[in-house]
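Q: Given only the sequences and the hints, what does the whole structure look like? Please build it.
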Amino acid sequence: MVREDCEGEPSSRRGLLRAGGVALAGIAAAGCGSKSLKAQVNNSAPLLSTDVDLLNQLLDLEHKAIAAYTAATPLLPSAVSQAGALFLNDELAHAGALAVWIEAADGIPLDPAPSYDLGHPRTSQEVLALLHEIENAQLTAYLNAITRLEPGSVKSSIAAILANDAQHVAVVRAALHQPAVPSPFVTGRD
Amino acid sequence: MTLTLTGAATGLGLAAPASADTPAPSDAELLSKTLEVERLMVFAYERVFASGVLSPGVQHAITPYLGHERAHVSAVAGALARLGAAAPSGPLSLEEASAALNQHHLSDRFTDLHTEHDGLKLLIDIESVAEGASYTPIKDLRRPELIQLCARIMACEAQHWTMLSGLSNPGEYVKAIPWPYVYGSE
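From first to last, the protein sequence lines are chains A and B.
Per my numbering, the very first residue in the first sequence carries number 1; after that it's consecutive.
Per my numbering, the very first residue in the second sequence carries number 1001; after that it's consecutive.
Don't read these hints as lab results, they were simulated from the structure.
Please note that a few of the clues may not be correct.
Pulled from the structure, derived: some chain A residues nowhere near chain B, Cβ distances all over 12 Å [said to hold, decoys possible]:
| no. | residue |
| --- | --- |
| 1 | N56 |
| 2 | A67 |
| 3 | T70 |
| 4 | A113 |
| 5 | G119 |
| 6 | H120 |
| 7 | R122 |
| 8 | S124 |
| 9 | L176 |
Pulled a few chain B residues facing chain A out of the computed Cβ check, cut under 10 Å [said to hold, decoys possible]:
| no. | residue |
| --- | --- |
| 10 | A1061 |
| 11 | G1067 |
| 12 | A1075 |
| 13 | E1145 |
| 14 | C1156 |
| 15 | I1177 |
| 16 | V1182 |
| 17 | G1184 |
The structure presented is a predicted model; accordingly, all values stated were derived computationally and were not measured.
Every residue gets a Cβ at the ideal spot worked out from N, C-alpha and C, and that includes glycine.
A: Here it is, written out as structure tokens:
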């Protein structure tokens, strides 16, 4: 199990993640926990080919989030743009994870669309509102998928991604001057 | 290095199913541990608020979180009761809470809170345990509504963790959301 606080300096770890991309991100994250990387790999359980469509739907949402953060981060206020860059990195990691699962289930990961309709946000508040909407759509989709995907270990992994996206939402809501954690149960509808 | 399937490539390893001679825990057994940690969480918020170490602004900002934790206790206890299992939901004593902290490898700091940092750090540490207490059962729970419940609670605890870490380290987003995946701690 990986601890959020298992290392001294998250910022230096982030640097490693950024430098190495998605694959290294996974290795670094897996390596800092009490459950060894080797054990995790050896204990892999099969994914179901019937889940490929659902996983690709989640991947499509990740692609859209990546496009949104890529476009939006330079438009964010300087105090928040650092967060936007971090969240983009997170979404890239999520997309990488989903693509690997899809391939493991004998599927073909969906490529990003040539473009996404992100509207025409003009102010930083409108940009943040767009990101809020996109993150919420992800929360809803992951909550819907978590009971449908198998095996159980995939459910856990979906929860690990869901919780990270929920963290993004909290920061985005705070930047919008809304209550960061409005409800005891995350739904993707707040 | 050869990397296979998900574990190495993504950090999201797929754990093996329980071995044949190990009976899988029941949904009630799995949830009872979650309830225990949620009760600890309620105790911790009450204790930190009562200690007076938080500045008014910080205390005001996180006061709703205590209500969230009480809602988690109520929801998990209700689910356990519907399963016909024991569902203690009353307040923990100081001794029970200290023992629970030790069980999760956290030093007993309930009587040793002197600064705002002490209070926030304690809450952050226990929020991490609460994340783990909702994350761990998800792979083994059988009932979809309980999987949903744990996932929604876990995501809320992760939001608390992030906001508390943000209060501890203003403007340092990398410390408030250090990883692309949330697992909590055991």
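Q: Any of the earlier hints contradicted here, and which numbers?
A: none
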